[in-house]
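Asks: Spelled out from the first residue to the last, the chains are:
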Amino acid sequence: MRQIFQKQNRFLTFCCLALSLMAGMAVFAPQVTHYSFEEQNISEKLEPPSAKHWMGTDTLGRDLYSRVVYGARLSLLVGFVTAISGLLLGVSVGAIAGYRGGAIDLLLMNLVDFLMIFPSVLMAILLMLLFGRGPLGIILAISITSWLSLARQVRGQVMQAKRFPYVESARAIGASPAAILFKHILPNLLGPILVSLTIQIPNNIMAESLLSFVGLGLAPPYSSWGTLANEGFRGMQTYPHLLIFPSAAIFITILAFNYLGDELRKKSEKRL
Amino acid sequence: MKICGRILGALLLFQVNGIGLAQALPELKNFTLRLQGEPETLDWNKAHTPIENYLMITLMEGLVSLDSVKVEPALAESWKISGDRKTYTFKIRKNAVWSDGVPVTAEDFLTSWKRLLAPETAAAYAYFLFDIEGAEAFNQGKEKDFSKVAVKPLDSKTLQVRLRKPVSHWISIPTHWVTFPLRKDILEKYGDQWAKPGRMVTAGPYLLDRYDLNSQIILKRNPKYYGHQGKVDQITALIVADDTTALQLYQTGKLDFLTDFPILNVKSLSETPGFQIFPYLKTVYLGFSFSPNHPTDAQKWIQNPHLRKAIAMSIDRSKIGEILQGKQSPGATFVPPPLTGSSKNVGITYNPKEALEEFRLSQAPKGIELEILILNWEKTLTLAQFIQSQLKLHLGIQLNLQPYDNKTYRAQLDLHRHPLFLTSWSADYPDPDNFLSIFLSDSGNNRPGWKNSSFDHKILQARQMPSSSQRERLYIEMQRELLDKEVVIVPLYYEPNIALVNPRVRGLKLNPLNYLDIKGVEISETK
Chain D
0 MRQIFQKQNR FLTFCCLALS LMAGMAVFAP QVTHYSFEEQ NISEKLEPPS AKHWMGTDTL
60 GRDLYSRVVY GARLSLLVGF VTAISGLLLG VSVGAIAGYR GGAIDLLLMN LVDFLMIFPS
120 VLMAILLMLL FGRGPLGIIL AISITSWLSL ARQVRGQVMQ AKRFPYVESA RAIGASPAAI
180 LFKHILPNLL GPILVSLTIQ IPNNIMAESL LSFVGLGLAP PYSSWGTLAN EGFRGMQTYP
240 HLLIFPSAAI FITILAFNYL GDELRKKSEK RL
Chain W
0 MKICGRILGA LLLFQVNGIG LAQALPELKN FTLRLQGEPE TLDWNKAHTP IENYLMITLM
60 EGLVSLDSVK VEPALAESWK ISGDRKTYTF KIRKNAVWSD GVPVTAEDFL TSWKRLLAPE
120 TAAAYAYFLF DIEGAEAFNQ GKEKDFSKVA VKPLDSKTLQ VRLRKPVSHW ISIPTHWVTF
180 PLRKDILEKY GDQWAKPGRM VTAGPYLLDR YDLNSQIILK RNPKYYGHQG KVDQITALIV
240 ADDTTALQLY QTGKLDFLTD FPILNVKSLS ETPGFQIFPY LKTVYLGFSF SPNHPTDAQK
300 WIQNPHLRKA IAMSIDRSKI GEILQGKQSP GATFVPPPLT GSSKNVGITY NPKEALEEFR
360 LSQAPKGIEL EILILNWEKT LTLAQFIQSQ LKLHLGIQLN LQPYDNKTYR AQLDLHRHPL
420 FLTSWSADYP DPDNFLSIFL SDSGNNRPGW KNSSFDHKIL QARQMPSSSQ RERLYIEMQR
480 ELLDKEVVIV PLYYEPNIAL VNPRVRGLKL NPLNYLDIKG VEISETK
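Protein sequences, first through last, are from chains D and W.
Numbering that gives the first Met the number 0 puts the first residue of the first sequence at 0, with every later residue one more than the last.
Numbering that gives the first Met the number 0 puts the first residue of the second sequence at 0, with every later residue one more than the last.
These are calculated hints, taken from the structure and not from any lab test.
Warning: the hint list may mix true and false statements.
[Unchecked claim] Keeping only pairs whose Cα atoms sit at most 20 Å apart, straight-line, the calculated EDC-like set for lysine to aspartate or glutamate is:
#	chain 1	residue 1	chain 2	residue 2
1	W	Lys230	W	Glu476
2	W	Lys90	W	Glu106
3	W	Lys326	W	Glu370
4	W	Lys378	D	Glu43
5	W	Lys508	W	Glu521
6	W	Lys365	W	Asp296
7	W	Lys266	W	Asp296
8	W	Lys266	D	Glu43
9	W	Lys391	D	Glu167
10	W	Lys318	D	Asp112
11	W	Lys378	D	Glu37
12	W	Lys45	W	Glu26
13	D	Lys44	W	Asp315
14	W	Lys352	W	Glu321
15	W	Lys457	W	Glu476
16	W	Lys188	W	Glu51
17	W	Lys266	D	Glu46
18	W	Lys318	D	Glu43
19	W	Lys195	W	Asp83
20	W	Lys45	W	Asp259
21	W	Lys113	W	Asp144
22	W	Lys378	W	Asp315
23	W	Lys318	D	Asp104
24	W	Lys406	W	Asp144
25	W	Lys79	W	Glu106
26	W	Lys85	W	Glu135
27	W	Lys391	D	Glu37
28	W	Lys406	W	Glu270
29	W	Lys147	W	Glu135
30	W	Lys326	D	Glu43
31	W	Lys518	W	Glu51
32	W	Lys147	W	Glu106
33	W	Lys378	D	Glu38
34	W	Lys318	D	Glu37
35	D	Lys44	W	Asp296
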């Protein structure tokens with residue numbers, strides 16, 4: 000038992016390290032790369048990985064390592080910003096609906112149900128057409144579609160928590176509804192909310208990759224891991240390095256986030 | 000249960016060894032090709048995209064056809080051109096019959112051409128017949144009586160056409176599928192829905208047998224065809240939009256013929272036995288928008304010829320072949336070689352130093368942002384990124400790519416919203432007129448929206464010239480104006496048709512207009 004725990008811990012350490020590395024790469028991109036992500040050198044196109052170009056070069060002779068590192072910026076930015084904005088929206092709507100109940104609850108939850116009818120990628124595609132291509136369009140499109148299940152989850156938990164004695168006590172000493180919600184109920188829901196955040200980030204990175212993969216993401220020369228994987232996919236038989244490196248970045252990040260989320264969930268369940 | 004299992008096993012063995020039904024019946028010879036998308040229509044008066052190309056030519060024939068770039072007899076066994084080069088008399092083959100046994104008559108051409116020109120048909124290629132006396136007026140609704148259009152059946156097997164002016168390339172016009180004949184009784188029975196399996200009658204080597212929406216179209220050999228019967232029993236056209244999927248289908252033997260595949264695979268595929276290069280009359284070009292419909296800042300700047308010249312000078316076209324890996328050669332004239340009017344000495348050449356000087360003369364602000372409209376296809380995205388980096392490197396211009404899917408892209412092209420766009424033109428008939436006439440002021444294919452009456456006049460003048468050297472001189476002169484002086488477009492490259500042909504296929508012909516001739520295709524026995 001202890002061995003398993005230690006092994007799990009080792010994997011957890013690996014996940015945390017991998018995520019820190021990715022985040023570090025994204026923040027210090029100019030410092031950790033030697034080439035610009037958009038500089039073309041046709042004479043060095045489609046080279047396999049070498050000491051000069053660690054991940055090889057693409058069809059226009061651009062350094063793939065630089066593109067993966069700069070891609071981390073966009074992929075992680077989209078992942079974090081959309082997860083946090085989705086979280087704020089989801090928690091607010093869920094908390095208000097759960098705490099107030101009645102007509103407001105009915106209205107908000109019907110809205111959530113209505114929005115859930117649309118497949119999220121289809122919805123994101125529609126919103127992208129509305130907001131235009133580029134980072135802002137993608138962030139808005141994914142944020143708007145990623146808060147729905149969280150709102151439902153928070154609503155349920157708030158409804159449950161408002162019957163607990165500590166909430167009744169707060170109400171008895173005359174605390175305002177806002178104070179009860181923000182000071183007493185929500186801090187107790189922090190665990191599950193954090194867990195959902197760690198699951199939402201990789202989901203949103205995947206959503207961005209998917210949108211970019213189908214050609215609806217960022218316009219070149221900007222690249223995220225999804226756009227890089229899309230470019231590499233077409234030549235996977237001849238130039239596998241073009242697909243392997245961006246996909247590996249997506250795979251490791253998503254695995255790490257999911258595992259971290261799982262561990263956090265286990266810990267928060269234990270505490271309860 | 001055990002017995003059942005044994006019977007099943009025996010049956011399986013029976014099948015695996017190829018004994019049984021497969022050997023009892025002769026093997027069906029099937030040729031499979033790929034369509035990049037759902038055809039808009041199989042109605043040959045209306046079909047106008049490259050997707051329909053292969054099917055039209057296989058299903059049907061016109062008065063004449065193109066073998067490589069030479070006009071050959073087809074449904075017409077012979078034709079005569081009058082001394083004033085204005086009257087064409089076609090003699091239709093006696094043995095030419097429709098697939099239901101009804102003879103092909105001159106009346107069938109009349110029916111088709113009337114429908115093609117009728118304003119209510121709204122056919123994209125109606126202008127193909129405008130050189131015929133009275134045709135343009137009929138299409139524009141100025142003349143309601145079709146008998147005023149100079150297309151006359153002299154008898155059931157003779158068709159006479161009179162042109163308003165002599166046109167040197169006119170004999171190429173009836174090679175195009177929009178001019179193929181149609182049966183009046185079929186049209187009256189089915190209306191616009193005639194081009195469906197079970198309804199369509201053809202006079203070409205194959206028949207329309209089956210159409211599964213968004214999946215496949217199956218053609219069967221036409222036993223009533225007047226010429227040599229095709230050696231392939233069945234043609235299956237698979238509708239596959241994605242290039243990578245199509246390549247996988249070819250590699251697993253499910254496709255016999257494929258022309259568009261991911262550029263990253265060209266190099267490795269060029270070493271395989273099925274790799275073939277066919278000549279193609281196609282020019283890919285960068286266009287500038289002259290339309291004043293949406294005068295944004297960028298639109299205004301692009302009206303400045305110095306800026307257009309600076310852009311043309313800063314793109315190193317010699318690198319394109321290396322990037323796209325499809326044996327592309329750098330563009331000079333808009334008319335591609337080997338057509339009359341193509342030359343290496345016309346067009347703006349790569350010169351970054353002079354480009355910078357021209358940019359200064361244009362007084363455009365440093366770091367100016369321009370938008371370019373492109374298709375979201377792999378090849379155009381790669382090419383556009385190359386142009387983007389060249390303009391940034393030499394002129395500091397920030398080029399923003401606007402990639403769209405085919406339908407949206409075409410709609411955006413018509414709107415003239417973007418100051419720059421990438422597109423191509425491939426020949427409908429092998430003549431320089433087909434390239435340069437797209438810049439006629441009233442042409443529906445004039446993408447830049449550039450209008451110049453003296454240019455229009457020269458196009459019409461060249462059409463009437465009988466001497467090839469005179470025409471050539473005029474075409475060169477026109478292109479100096481179009482490319483060097485006005486810089487309406489920048490021809491980027493000429494491209495051959497790169498194809499993968501299954502080694503079991505023999506006798507396949509693909510002409511420079513991308514017409515696939517399947518009649519002569521033979522399929523060797525599969526082992």
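Asks: Now tell me if each hint is right for this structure.
Replies: For each hint, the structure was consulted:
1. For the suggested pair Lys230(W) and Glu476(W), the alpha carbons sit about 48 Å apart, so the restraint of at most 20 Å is broken.
2. The suggested pairing of Lys90(W) with Glu106(W) holds, with an alpha-carbon distance near 13 Å, which does not exceed 20 Å.
3. For the suggested pair Lys326(W) and Glu370(W), the alpha carbons sit about 28 Å apart, so the restraint of at most 20 Å is broken.
4. Our distance criterion of 20 Å between C-alpha atoms is met by Lys378(W) and Glu43(D), whose separation comes to about 19 Å.
5. Restraint check for Lys508(W) and Glu521(W): satisfied, since their Cα atoms lie roughly 11 Å apart, inside the 20 Å limit.
6. With a C-alpha separation of about 14 Å, the suggested pairing of Lys365(W) with Asp296(W) holds against the 20 Å cut-off.
7. As the CA atoms of Lys266(W) and Asp296(W) are separated by approximately 42 Å, the hinted pair breaks the 20 Å bound.
8. A C-alpha spacing of about 15 Å is found between Lys266(W) and Glu43(D), which places the hinted pair at or below 20 Å, so the restraint holds.
9. For the hint pairing Lys391(W) with Glu167(D), the CA-to-CA distance comes to about 66 Å; that exceeds 20 Å, so the pair is violated.
10. With a C-alpha separation of about 54 Å, the suggested pairing of Lys318(W) with Asp112(D) is violated against the 20 Å cut-off.
11. Restraint check for Lys378(W) and Glu37(D): satisfied, since their Cα atoms lie roughly 18 Å apart, inside the 20 Å limit.
12. A threshold of 20 Å between alpha carbons decides the hint, and for Lys45(W) with Glu26(W) the separation of about 36 Å lies outside it, so the pair is violated.
13. For a cut-off of 20 Å, the pair hint linking Lys44(D) to Asp315(W) stands: about 16 Å separates their Cα positions.
14. With a C-alpha separation of about 23 Å, the suggested pairing of Lys352(W) with Glu321(W) is violated against the 20 Å cut-off.
15. Under the criterion of a C-alpha separation no larger than 20 Å, the hint pairing Lys457(W) with Glu476(W) is consistent with the structure, at around 9 Å.
16. Simply put, Lys188(W) and Glu51(W) have alpha-carbon atoms about 24 Å apart, too far for the 20 Å limit, and the pair is violated.
17. Our distance criterion of 20 Å between C-alpha atoms is met by Lys266(W) and Glu46(D), whose separation comes to about 13 Å.
18. Simply put, Lys318(W) and Glu43(D) have alpha-carbon atoms about 12 Å apart, close enough for the 20 Å limit, and the pair holds.
19. Under the criterion of a C-alpha separation no larger than 20 Å, the hint pairing Lys195(W) with Asp83(W) is inconsistent with the structure, at around 42 Å.
20. Simply put, Lys45(W) and Asp259(W) have alpha-carbon atoms about 24 Å apart, too far for the 20 Å limit, and the pair is violated.
21. Of the supplied pair hints, the one linking Lys113(W) and Asp144(W) holds, its CA atoms being roughly 10 Å apart against a limit of 20 Å.
22. Restraint check for Lys378(W) and Asp315(W): satisfied, since their Cα atoms lie roughly 17 Å apart, inside the 20 Å limit.
23. Taking the CA atoms of Lys318(W) and Asp104(D), the gap is about 63 Å. The hint is violated against a cut of 20 Å.
24. Simply put, Lys406(W) and Asp144(W) have alpha-carbon atoms about 36 Å apart, too far for the 20 Å limit, and the pair is violated.
25. Proposed proximity of Lys79(W) and Glu106(W) is supported: the alpha carbons are some 19 Å apart, at most 20 Å.
26. Between Lys85(W) and Glu135(W), the direct Cα distance comes to roughly 16 Å. Compliance with the 20 Å bound is thereby established for this hinted pair.
27. In summary, the hint linking Lys391(W) to Glu37(D) is supported, as the alpha carbons are separated by about 11 Å, within the 20 Å threshold.
28. The suggested pairing of Lys406(W) with Glu270(W) is violated, with an alpha-carbon distance near 35 Å, which exceeds 20 Å.
29. Our distance criterion of 20 Å between C-alpha atoms is met by Lys147(W) and Glu135(W), whose separation comes to about 11 Å.
30. Taking the CA atoms of Lys326(W) and Glu43(D), the gap is near 19 Å; set against the 20 Å cutoff, the hint holds.
31. Taking the CA atoms of Lys518(W) and Glu51(W), the gap is near 17 Å; set against the 20 Å cutoff, the hint holds.
32. A C-alpha spacing of about 16 Å is found between Lys147(W) and Glu106(W), which places the hinted pair at or below 20 Å, so the restraint holds.
33. A C-alpha spacing of about 19 Å is found between Lys378(W) and Glu38(D), which places the hinted pair at or below 20 Å, so the restraint holds.
34. Between the alpha carbons of Lys318(W) and Glu37(D) the distance comes to roughly 17 Å, so the proposed pair stays at or under 20 Å and holds.
35. Of the pairs offered as hints, the one joining Lys44(D) and Asp296(W) is violated, with about 36 Å between alpha carbons and a cut-off of 20 Å exceeded.
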